[in-house]
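Asker: Sequence:
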Amino acid sequence: MSQLITIRLEQLRFFAYHGLYEAEKKTGNEFEMNLAVTFTREDGIITHLADTLDYAAIYELVKAEMQRPRELLETFLTELAVLLHEQFPAIIHVSMSLYKLTVPIANFAGRVGVELEKSY
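In terms of full-length UniProt numbering, the sequence shown has 49 at position 49, counting the first letter as 1, and numbering is strictly consecutive.
Keep in mind that the hints were calculated from the coordinates and are not lab data. Worth double-checking, as some hints may not be accurate.
[Unchecked claim] Derived pair list, reagent style BS3-like, types lysine-lysine, alpha-carbon separation capped at 30 Å:
#, residue 1, residue 2
1, Lys100, Lys26
2, Lys63, Lys100
3, Lys100, Lys118
4, Lys63, Lys118
5, Lys25, Lys118
6, Lys25, Lys100
7, Lys25, Lys63
8, Lys26, Lys63
All chains should be built: construct the whole structure from the sequences, respecting the hints.
Answerer: In C-alpha cells:
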C-alpha cells in the first residue's frame with residue numbers, strides 16, 4: 001500500500017524583477033509564493049531525509065529561479081513546474097501560486113496572482 005504526502009512552503013517572500021513594464025524591470029517588486037508538492041511513498045514511518053522531499057532544496061531552487069526575471073508570472077510558474085519535476089522526479093503533483101504585491105495599475109488596491117496545478 002502507498003501513501004500520498006504533500007509538502008507545503010507557504011507565504012514565501014521574495015524581491016524580484018518580474019514584469020512586463022519597464023518600471024517593474026527597473027525597480028522590482030515584492031512577491032509572495034505558495035507551493036505544494038505531492039509524492040507517493042510506500043506505507044511506513046519516514047525517518048530519513050532520503051525517504052521524503054527535501055523542502056530546503058526545493059526552497060533553494062525557488063529562490064534561485066526568482067532571481068531570473070520573466071515578463072509573465074505564468075512563464076515563471078510553468079518553467080518552475082518543469083524544473084521541480086526534473087530535480088525531484090518523485091513529485092506527482094504540484095500546486096503553486098505567485099502574487100505580485102504592488103501592482104502597476106492606477107488606483108488599484110490589492111494584489112494580482114497566478115495559480116498553476118500540474119500532475120505528472
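Asker: Give a verdict on every hint.
Answerer: Verification of the hints:
1. Lys100 - Lys26: holds, 15 Å
2. Lys63 - Lys100: Within the cut-off at roughly 15 Å; holds.
3. Lys100 - Lys118: holds, 21 Å
4. Lys63 - Lys118: The hint holds at about 20 Å.
5. Lys25 - Lys118: With Cα atoms ~28 Å apart, Lys25 and Lys118 stay inside 30 Å; holds.
6. Lys25 - Lys100: holds, 13 Å
7. Lys25 - Lys63: holds, 18 Å
8. Lys26 - Lys63: This hinted pair holds, its Cα atoms lying about 19 Å apart.
Going down the numbered hints, you'll see the structure goes against none, and every one checks out.
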